[in-house]
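Peer 1: Please take these sequences and the hints and turn them into a complete structure.
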Amino acid sequence: MKLSSVIGIGFATMLTASLLSGCGGGNRQEAVAKVGETPIDKEMYLRRLELMPTPVQIAGNQATTAPAGYTTLVQMIREQVLLDMAKEEGVLPTDQQVEERVQREMKNNPQIKQAITEQRLTLDDYRQRVRVALAEFNLRTKGVTVTEQEVKKAYDDNKQAFYRPASARVRTILVQNPEVRKQIDDDLKRGFNFQSIVSKYAQNPVAGVQSGESEFALEGQVPQTPEGQILLRVRNVLKNAKPMQVTNWIPVGNGVVARFEVLAKNEGRQLPFEEVKDNIREQLMLQKGLQTNRDLNMEMAKRMANTPVEITSEAWKKQYEKDIEELKKTLAQMEPQQGSKPAGNQGAQNTQAGGNQTAGSR
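Numbering (this note's numbering), first residue to last: 1 to 362.
Just so you know, these hints were derived from the structure itself, not from any lab. Glycine included, each C-beta is placed from N, C-alpha and C at the ideal position. Some hints could be false.
Derived lysine-lysine pairs resembling DSS-like cross-links, with alpha carbons at most 30 angstroms apart [unchecked claim]:
(1) K318 / K329
(2) K302 / K329
(3) K34 / K318
Cβ-Cβ distance ranges computed for the label pairs, FRET-style [what the hints assert, rightly or not]:
(4) R181 / E100: 20 to 30 angstroms
(5) P110 / D186: 31 to 41 angstroms
(6) P110 / K322: 39 to 49 angstroms
(7) G90 / I324: 21 to 31 angstroms
(8) L51 / K277: 25 to 35 angstroms
(9) P308 / A332: 18 to 28 angstroms
Peer 2: Structural data, given as structure tokens:
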């Protein structure tokens, strides 16, 4: 069995998909909506809204932006419906299971811990995101078992998939304006540290710079394209750079130049079986879950259509009622087709009726 066939639908993927999730469950009186008997807390909703990228809707060949406030609310409604479904089926994760998974994810992903430390993400919000992802995983894998032998075979057959290439954690600034580039050079000569320079120009919209932190792979194939050549150029510079070193300007196409500060470097290594076996088991469970007769996406769509929802905003309330009516019509049209389609194939699709996650640039 090729593990690559299930990479991308594991628990981590569901968690990533819900990294902008914070779904309801608060007991405060001030709520933006009520799903069944559960209020969606206004404070949690606003925190999530702050992190929501501009949603984009695709209709035909047309791409349009969608209201972030409404999109966020619909996602939170869907997640509460999912939690209620997991509770009814007896697979809602316990607080202990959530906490164990939170600690595991923070250990495996330093960026999460950093986001919480820098207060860009609260620990309670992250716990809720994990709870939602675990609930969905439990629903998709209900009744599924995977043996230790299956897990070990998947690891042995796909060892290359568990090689972590050498990488560099970098802070980047991208500049197109020659004047801004000169000002940055002057600031560096004056002894300002790179982080303060990046913050200074990133907060000035007139400067027109782009900045951020990322993990840059120093090994592996790159596409034989102009973009691939740029990646190779940057890779070669970063390979020779030391931690805390700031590179010179590197052309990255279209008149844009980039400068990198190397924050840390990691050597390539083969991840041992004990370190990845839990992830492999979850991926195999999801693959088996997709082969069952259960179509969770369809079940969720039906529950969305039949769950009573109260929304405080009159405009959003009308829009939601309209969307639910459209969903009910779609379900009615699909009903005669359900007997002729394998449920597993539908579950593998990325479309979730009544709860599409609107795409944005993350």
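Peer 1: Are the hints correct? Go through all of them and say.
Peer 2: Now for the hints, and whether the structure bears them out:
Note on K318 and K329: the hinted pairing holds, with a Cα-Cα distance of about 17 angstroms set against a maximum of 30 angstroms. For the proposed pair K302 and K329, the alpha carbon gap of about 11 angstroms is at most 30 angstroms, so the pair holds. With a C-alpha separation of about 15 angstroms, the suggested pairing of K34 with K318 holds against the 30 angstroms cut-off. For R181 paired with E100, a C-beta distance near 48 angstroms fails the hint of 20 to 30 angstroms.
Look at P110 against D186: about 33 angstroms separates their beta carbons, and that is inside 31 to 41 angstroms. Checked against the hint of 39 to 49 angstroms, the C-beta distance between P110 and K322 comes to roughly 43 angstroms, which is consistent with it. Checking the proposed 21 to 31 angstroms range against G90 and I324 shows it holds: the Cβ atoms sit about 27 angstroms from each other. Separated by about 32 angstroms at the C-beta atoms, L51 and K277 satisfy the suggested range of 25 to 35 angstroms.
Between P308 and A332 the CB atoms are about 20 angstroms apart, so this pair conforms to the stated range of 18 to 28 angstroms.
The structure fails to meet hint 4 from the earlier list, while all remaining hints are met.
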